[in-house]
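> Here the protein sequences come in this chain order: F and X.
Quick note: the first sequence, position 216, residue 216 per the numbering used here, numbers continuous.
Offset between the second sequence (1-based) and the numbering used here: plus 628.
The hints are simulated quantities; they were obtained by calculation from the structure and are not laboratory data.
Computed from a prediction, not measured in an experiment: that's the story for all the values here.
Any given hint could be a false lead.
Some chain F residues judged to face chain X by a derived CB distance under 7 Å, without partners named [said to hold, decoys possible]:
#, residue
1, K69
2, M72
3, V174
4, L402
Below, simulated DSBU-like cross-link-like pairs (lysine-lysine); rule was C-alpha separation at most 35 Å, straight line [stated by the list, open to error]:
#, chain 1, residue 1, chain 2, residue 2
5, F, K68, F, K44
6, F, K45, X, K735
7, X, K805, F, K69
8, F, K69, X, K657
9, X, K971, F, K59
In silico negatives: residues of chain X with every beta carbon more than 10 Å from chain F [as the list claims (entries may be wrong)]:
#, residue
10, F635
11, Y648
12, T703
13, K735
14, L942
15, L1034
The beta-carbon is built from N, C-alpha and C at its ideal position, and this holds for glycine as well.
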Amino acid sequence: MMDENEKQPDFSENEKELIDEDYTADIDLSGYFLEKARIQEEEKKAEETRKKEKEEKSKAVQEDREEKKEEMAEAGETGKKAKPESFEQADQAFEKAKEGRKAFSSTGMPKIQLDSSVAAEIRSLGIQIPKAEEKQEEEPVEEPEQQTISPSAAVPDHRAAVKAQRRRWSRFYVAVCAAIVLCVTAMGIVLHRPSHSEVEKRDLASFPKISLAGVMDGSFFSDLMTWYADTYPVREQMISAEASIQDHYGIGQRIVIKDAATADAVPDADKVDVAPTLEIPSAASSDSSEESTAAETAETAESSAGVSTAEETAEKDGSASTESSEENAPDGAITDEPEAVGTIYIAGGSGFSVYFFNKEAVDTYASMVNTVAAHLPDCDVYAMPTPNNFGIMLSEDIQRELSQPEQGVFTYMFAKMSDDVKKVNVYQNLLDHNSEYVYFRTDHHWTALGAYYAYETFCDIKGITPTPIDSYRTQVSEGFLGSYYAYSNHSPELAANPDTITAYIPIATNTMKMTQADGSVVDYPIIQGGDTYSVFIGGDEPLEVIDNPDLNDGSSVILIKDSYGDAFAPFLVDSYDKVYIADFRYCDPHLAQFITDNNIHDVILENNVEFLTTQNATKVLADFGFTQ
Amino acid sequence: MSFSTLFFLAIFLPLFLLCYGLAPRLAAKNRVFLVFSLIFYAFSGVSYLLLAVGLTLLAYVLGRLMEQHPEKKKTFLILGCAALLAALGIFKYTNFVLGTVGALAGKDLTLSIALPLGISFYSFKLISYLSDVYHERIPAEHRFQDLLLFAVNFQTVTQGPIIRYEGFYQELHHRMKFRSPQIADGTFRFCVGLAKKVLLADHMGEIVDAVLPVSGAGSASVAACWAGAVCYSLQLYLDFSAYSDMAIGLGQMIGFHFMENFNYPYIARNVRDFWRRWHISLSSFFRDYVYIPLGGSRVSFGRLFLNVMIVWALTGLWHGASWNFVLWGLYYGILVMIENLWKKKVGHDLPSVLGHIYTIFVFVFGWVLFRFSDFTALRLVIRGLFGGNGQPLITTPVALTLENNLFFLIFCVLASTPIFRAAAQKIQGKLSLTVSGRRGQYLLMTALSALLLVLCILAMAGQTYTPFLYNQF
Chain F
1 MMDENEKQPD FSENEKELID EDYTADIDLS GYFLEKARIQ EEEKKAEETR KKEKEEKSKA
61 VQEDREEKKE EMAEAGETGK KAKPESFEQA DQAFEKAKEG RKAFSSTGMP KIQLDSSVAA
121 EIRSLGIQIP KAEEKQEEEP VEEPEQQTIS PSAAVPDHRA AVKAQRRRWS RFYVAVCAAI
181 VLCVTAMGIV LHRPSHSEVE KRDLASFPKI SLAGVMDGSF FSDLMTWYAD TYPVREQMIS
241 AEASIQDHYG IGQRIVIKDA ATADAVPDAD KVDVAPTLEI PSAASSDSSE ESTAAETAET
301 AESSAGVSTA EETAEKDGSA STESSEENAP DGAITDEPEA VGTIYIAGGS GFSVYFFNKE
361 AVDTYASMVN TVAAHLPDCD VYAMPTPNNF GIMLSEDIQR ELSQPEQGVF TYMFAKMSDD
421 VKKVNVYQNL LDHNSEYVYF RTDHHWTALG AYYAYETFCD IKGITPTPID SYRTQVSEGF
481 LGSYYAYSNH SPELAANPDT ITAYIPIATN TMKMTQADGS VVDYPIIQGG DTYSVFIGGD
541 EPLEVIDNPD LNDGSSVILI KDSYGDAFAP FLVDSYDKVY IADFRYCDPH LAQFITDNNI
601 HDVILENNVE FLTTQNATKV LADFGFTQ
Chain X
629 MSFSTLFFLA IFLPLFLLCY GLAPRLAAKN RVFLVFSLIF YAFSGVSYLL LAVGLTLLAY
689 VLGRLMEQHP EKKKTFLILG CAALLAALGI FKYTNFVLGT VGALAGKDLT LSIALPLGIS
749 FYSFKLISYL SDVYHERIPA EHRFQDLLLF AVNFQTVTQG PIIRYEGFYQ ELHHRMKFRS
809 PQIADGTFRF CVGLAKKVLL ADHMGEIVDA VLPVSGAGSA SVAACWAGAV CYSLQLYLDF
869 SAYSDMAIGL GQMIGFHFME NFNYPYIARN VRDFWRRWHI SLSSFFRDYV YIPLGGSRVS
929 FGRLFLNVMI VWALTGLWHG ASWNFVLWGL YYGILVMIEN LWKKKVGHDL PSVLGHIYTI
989 FVFVFGWVLF RFSDFTALRL VIRGLFGGNG QPLITTPVAL TLENNLFFLI FCVLASTPIF
1049 RAAAQKIQGK LSLTVSGRRG QYLLMTALSA LLLVLCILAM AGQTYTPFLY NQF
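The shape of chain X in the complex, shown without the other chains:
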């Protein structure tokens, strides 16, 4: 099930909130939450649900064993991580390995393996749980249903922030009551996310497919390559940050405060800043559970370089089971190293404006690497970006497509900056001082949400199911 479908909005969500609201006490509410999360996950296939429950059970057992036998906890940690990574590896990377081996041997060895929903996310969540138990940051969980809810809660299981167990557990047992102020806050956040996804990201996806399609990209004009790359960057940001908005909003509705996953990455001043704003939960996972254990930066320079490259290669590989994703990860790794060296040599980062422009070029080019898994097509597009693929500067169909969406594109660019939030905060500051001001503020919020909801419903009617970009993970 995807959040941006009529079925979720009209059937699942109202039913869930109704049952949740009717449940008398917190414990009952948590049970309702668990049942609905399991149903939500079951929509992707009951066999995959069993897999997720099985892996959670494994993590649960190992966690308790670690607690009971602290002298052998390293073994249990290794066992748990190995099992989780093996599951992830089998489902996600088998064809990657077979394809690479096959390409070298000249045969086609790929199998047909479906990817369980959210396995990249919940396996990382469980690894972080095991690691935290190992380091005694948290005690092992004794109630299996709590750990299960942590792994499969419907807000974050598909593509949500990779949450940590400690914060989740605390809010599982102590959180805001299910009252209208909290529901309202969560609903507003959810509406904004839904609008970003359905109104902006999906349409942007259509533009990208028209201007720079994945197949046939070799015949794209120079303008098509650049416009396609920029539009694709916007699409990815809007799509993924919309999902995080919706996950956070849905969590807020029932009193959970999940970590922010995006912080306007496209206004970053340099690549390191970009990665502090993009998919924050993932980069903190890699920092805390891979980079630090490998030694971080408290090692020799050679080892530091290796650590950074390993982490970035894994980050790239996590995003997709194809070599272009590894390349994409290493691309960022090298840039991060260069920036760090620059900072050491020169003493400070690039000045603000120059840094912004540099970062924009970096991530736009990065997303081109991200889009094309076929290296032939990728090469053609890169040559096209610099005018070397024999195609004209611009063609009329592409020019018309951009013209037809002129206002839309401008709006999307603005939506990727904090300008709307700043304006909203300013208005809120002015209005919240008086009673009538506050009334106006609430009226504005209600009208805006209602409008967004109606527009989203209209837009969702035409789709027969458009999965999120990261659903392949």
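Isolated chain F (complex conformation):
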């Protein structure tokens, strides 16, 4: 077959057959026929312009050709020396093809039809003029028509003027575009580059280190480009501007889906059994790999009391992620990442995280709670799962439309907890007060007021009197734009409704001992100034200890929490002698030992329904470090 191709002498036959293939293209764009096609096309074009009398087309064709002519002349000089011999034939053919075109004569000048007398005169001077440039008697009408058809051809100045106008405007156009682009370049060089983004709650990319490996595999360059874009000076403002524009892309209540999910059906709470207790991870269970088993048994053998040394904490912080990944949780949630929301629904200036019920996750949570209670027979274990604003603030109809009503999930969850567990169901109390400012509009957390109602319910279950809310001094800060604002890419609707943080300062003391990630212990205010959620106990840290100077009856509580617990914890200060606060993601995983060593009687497990994942539940259990 290939030979057949080679022997084809006639272009058009091959072309025809290829067109008949009808496989992909009737239009032959292969470079093989580029030259032929181009010549044919141009001949066709010339014919068309003559027939259809399109002034601009013929004008443009002639203009372009003149430019190319100049180009050829110039480029021909510089390119000649470099041209390899073998391509000269191609160039000659190219030149020949040019000659065949009607617009040019062989002398390269635009064709001018000369009177035969004039032509004869010129020839007598010895200058050669091909016959084609003489006015042919046989076509008296067409040739002059060609000239008179386009007034520009008859008036060369006009054509030049059009070209000049085009050139002027092109320069202006290029200048405008260049100005815009160079503004961007200049801003990137001159203005200060930020290193931390408060809105995104993360450090921005830093300038990458130059390494041979990085250069060879390209990671240095991709990090460089990430750095350039990430730290670009006015990035936040540009993102906000972009959000305002995108706001006009459509209609309806805004929804931002970063992680699409679907809801399981909520089983009937009357028909469920108590969740079984889980196997302790440090025992040989099929879920954990051998490495993590060895590490955990080694650590429990060390049996540190309370605060661990700096070394160990640092190790654990670093290895925590490997531990949790080795625990092989099926739903793949990453424990050590900041809490992220999947779907945000924005209505009436407020954001709501849509909660999708995951039966397996909730079952695991209930099992975990039962297991903890079973292993701490001397303590009162309180389970306090907390609802999010989706369940409390939105009507049940809307909840059902978006995923499923949340209240039923809580009923189901508590039905699966055993009698060893003290059930603190804060849902109804919050629901009763949902006309008050119990949840933030631009953040996924509850306000201190919402936490207070949870505290009320807790006191009710425990059987103590809650401190009246009026007895607290308050600290108010305005202009809080939280996680929803960031995750919705700076939604203008949320930007227009910033939150106010009202914090209630504990009466007995406002100082606590905080163990930080590096293991150091510092004094820290329980409620500090600021306009972010970190006003509450300084955010999420491994451990905080509060000693109530006014109460010395030995009552103690440990609150094992996620970030919702931050706003809740300050209310415990005035009800207990000692309050211990551990964040399940960062705490030292020997809580059982810690509880025994410090004679802690009450254990509160607080987890927000949004972050009740199988992995998180497993992590909480692992934090206790129970031995079999």
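Dock chain X against chain F, hints included.
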């Protein structure tokens, strides 16, 4: 480096145009072009640059050997194609083979191999060069830097049109001067492409990920499946044609005229017409260098069927190293055969409107095959399309997402038709006849470009790097 990043727009491009403009003669300009192309490619990793240079050197040597020893040229051609395809195969298809073998054996054999940038494109370019030299359509290139520039020129190396050597060479040595009319034309084309990518395609990608995510697709409602498929079709077209626009625009700026790669494929009347409008450079490559050498249609029917299926399977496989891509290719191959048979039997194609609707269903369904590499998910989504995956008709989050982007979606649909170009041409026709008309036309173009540039810059600020969909090739 990707065209739709702040770094490229604010640093690389101005620097390149500045150096290019300062270079005095064409030869110097070509050197600048080569150096910047090498730098651009080096951003993906210097080792991959060395690989590309090495393969180009191989093609160069073999080309010259073919010229010097014409009696052995078949050997050299086979050697060259084998080497290039081997390189492509090792980097791109090793895990495909290992994964298939592993799946059959029940083990996970995959390795971690990074894909060199643009290897699918430049290896095909070099194969086309070798084939053209073999068939004596072009003489072998004696200057290595010219062939190297052909292979790694930054406009087309990442995902650009698969250009042919002859046209490229000619323009390398004879092209328009670096003057503002040409720069303006190229810039305008580039702005349009950039806007298509950054303003339209990227946002459409967010919508598709929200409505029909790759993982968890089994729980998508019927409406989500259809809306997701349609939005994904739009995203792919806008993304890829935007890249071609940008490549062509960047080439135009310095006087190169690369072939058009897309011709509004979504208004095609039938599948054959669709493939004459979609990724034109790729389908012409397969036609000229695979289909024709295999014999084309001048064979028995059985062999013709085999030829068509081979070409389509390869087309699918080129797009991705996974079986769903092969399936996607064969899907189109079968439809092309059916259409050809229909035409022979019935004598003419489907009437226009019916044909359009039929083609729309064909390519939307085709892109669903394209999206899901996992066959379980694919099966669930296909069942979802026809209401058989147990999910409701529509869910509120999906409905709200579509509502939130109503105008945007309509605009994207219009952008995939030639309506804007037709309107522009009409306006241009009316305005270009008078001086003030032309002034108005230029003013309009400038204002439009400036607006698009500013909007693109705003949109690019929020990305920390979004590669083009075809970058995995």
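> Indicate, hint by hint, whether the structure satisfies it.
Right, here's what the structure says about each hint:
With its C-beta approaching chain X no nearer than about 11 Å, F:K69 sits outside the 7 Å limit, and its interface hint is violated. Taking 7 Å as the C-beta cut-off, the interface hint given for F:M72 holds, the closest approach to chain X being about 6 Å. With 7 Å as the threshold, the beta carbon of F:V174 comes within range of chain X, its nearest partner Cβ sitting at about 5 Å, so the hint holds. With 7 Å as the threshold, the beta carbon of F:L402 comes within range of chain X, its nearest partner Cβ sitting at about 5 Å, so the hint holds.
For the hint linking F:K68 to F:K44, the alpha-carbon distance of about 19 Å falls within 35 Å, and the restraint holds. Between F:K45 and X:K735 the alpha-carbon distance is near 63 Å, which puts this suggested pair outside the 35 Å criterion. Between the alpha carbons of X:K805 and F:K69 the distance comes to roughly 11 Å, so the proposed pair stays at or under 35 Å and holds. For the given pair, F:K69 sits about 20 Å from X:K657 by alpha-carbon distance, which is consistent with the 35 Å threshold.
For the hint linking X:K971 to F:K59, the alpha-carbon distance of about 43 Å lies beyond 35 Å, and the restraint is violated. With a least beta-carbon separation of about 5 Å from chain F, X:F635 fails to lie farther than 10 Å from that chain, contradicting its non-interface assignment. Every beta carbon of chain F lies more than 10 Å from that of X:Y648, the smallest distance being close to 13 Å; the non-interface claim holds. Listed as outside the interface, X:T703 is consistent with that label: its C-beta sits roughly 14 Å from the nearest C-beta of chain F, beyond the 10 Å cut-off.
With a closest Cβ-Cβ approach of about 19 Å to chain F, X:K735 is found to remain outside the 10 Å limit, as its non-interface label requires. A cut-off of 10 Å between C-beta atoms confirms that X:L942 is not in contact with chain F; the least separation is 13 Å. The non-interface label for X:L1034 is inconsistent with chain F: the shortest C-beta to C-beta separation is roughly 4 Å, within 10 Å.
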